[in-house]
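Visitor: Read off the chains here:
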Amino acid sequence: MDKLISGVTTFMNPAGFVEQHYIGAQTGRTVSTAVAADMKLVKKLQKQNKEALILVDLTEVTSTNLQSHKAAIKGMTIVPYRRVSIYGPLPLRILLNTLGIVADRHENVKAFATRSEAIEWLKKGS
Amino acid sequence: MVKKRFVRCILNISDLFESSTTRSYRKKHVIIYEGDPVSTIFYIKSGYVKVYNILNDGTERIIFIYGPGDVFPLSTYLSGSRAIRYFYVGLSDVKLLTLPSEQLERKIRNDIAVGETLVNYTVLINLQFLERIEILSVNDARRKVVALLAFLVIKIGTKSPISRLSIYLTHQELSEMCGLTRESTSIQLEKLRKEGVLLGKRATDINVTKLEALKSDMSIVI
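So the sequence lines, in the order shown, correspond to chains L and E. Here the first sequence is numbered in the numbering used here, starting from 138 and rising by one per residue. Here the second sequence is numbered in the numbering used here, starting from 11 and rising by one per residue.
Fair warning: there could be bad hints in the mix.
Claimed, not checked - Residues of chain E placed beyond 12 Å of chain L at every Cβ, according to the derived structure: (1) V124; (2) R153; (3) P171; (4) K220.
As the list claims (entries may be wrong) - Pairs of lysine-lysine residues, derived as DSSO-like cross-links and limited to a Cα-Cα distance of at most 27 Å, are as follows: (5) E:K117 with L:K207; (6) E:K117 with L:K211; (7) E:K105 with E:K201.
Since the hints were made in silico from the structure, they are not lab data. Ideal placement from N, C-alpha and C gives every residue a C-beta, glycine not left out.
Chain L on its own, in the form it takes in the complex (with noise of 0.2 Å):
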């Protein structure tokens, strides 16, 4: 199967919670399609009464632009989840967290160094 160069991509994992790995340079249009894909998961949870808890890996982001930035702002207040847990290197955890605090989000929204962190996080909201 060939490496994705640059997209997301988004899936159950066997915790159940929703994951999304973003790999590469991202646009408003691969943030605005992660939301649509994470919108579609989560409403299948709330058809079964579970709340979203939503993991984000970023460590394989190559770079960001206003777009993006804009497009994850929108993501963090229109899909209901529970939590947004987010993991990765120190310049893009500033910018989740500043952008979690401009949607208002930032008690549900928080980004941390490593994966172990982020999870810890994302399960005491469950």
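Given chain L, work out where chain E should sit, using these hints.
Guide: Only chain E this time, still in chain L's reference frame:
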């Protein structure tokens, strides 16, 4: 309304501190202790603040200097860290504008222009931080001192061709900034003085053209 805010130009960070309280600290006064919670964000109106940690052997290692117009500890706050990792101390007398972190949060909320400004500023400061930490880990005394001088020209120096540092730093302070003994630092400074990079007896005047040439020879990127 929201759309209008989205297209607004990147603002000046100092605007966020309008009607903030001014606090004055004397030189050597501790402004933030390592381990303190991130409850207040500071904007430097005048003066300089050094950021340091204490090594296992008890020596002080100055990691960074903030000057007028800088904001701290913004990176720590926006990275989501609960506690401060370093000591922040007046390197000179300082005047600071203060903003409780909850108030800053209110100013960021629903305003992407503010968010983008703070993120861009923080990314820049983090790059300088990383460059400093990288230099501290190098095992080459000359390289450390040259890189430190380049950093000082940017942070506390006047514009070229002869940059004058705004504050006088002792050889002890300079050695704490480059992770060398005071003696090794003095030897390197003396060599640079003989080469015409440093001018005068005190290490406060720097020939920027010669410093740039040295940086280029040594592939130092600051």
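Visitor: Taking the hints in turn, state whether each one holds.
Guide: Hints versus structure:
| no. | hint | verdict |
| --- | --- | --- |
| 1 | V124 | violated (8 Å) |
| 2 | R153 | holds (25 Å) |
| 3 | P171 | holds (34 Å) |
| 4 | K220 | holds (34 Å) |
| 5 | E:K117 with L:K207 | holds (17 Å) |
| 6 | E:K117 with L:K211 | holds (18 Å) |
| 7 | E:K105 with E:K201 | violated (36 Å) |
Checked against the numbered hints above, the structure breaks hints 1, 7 and satisfies the rest.
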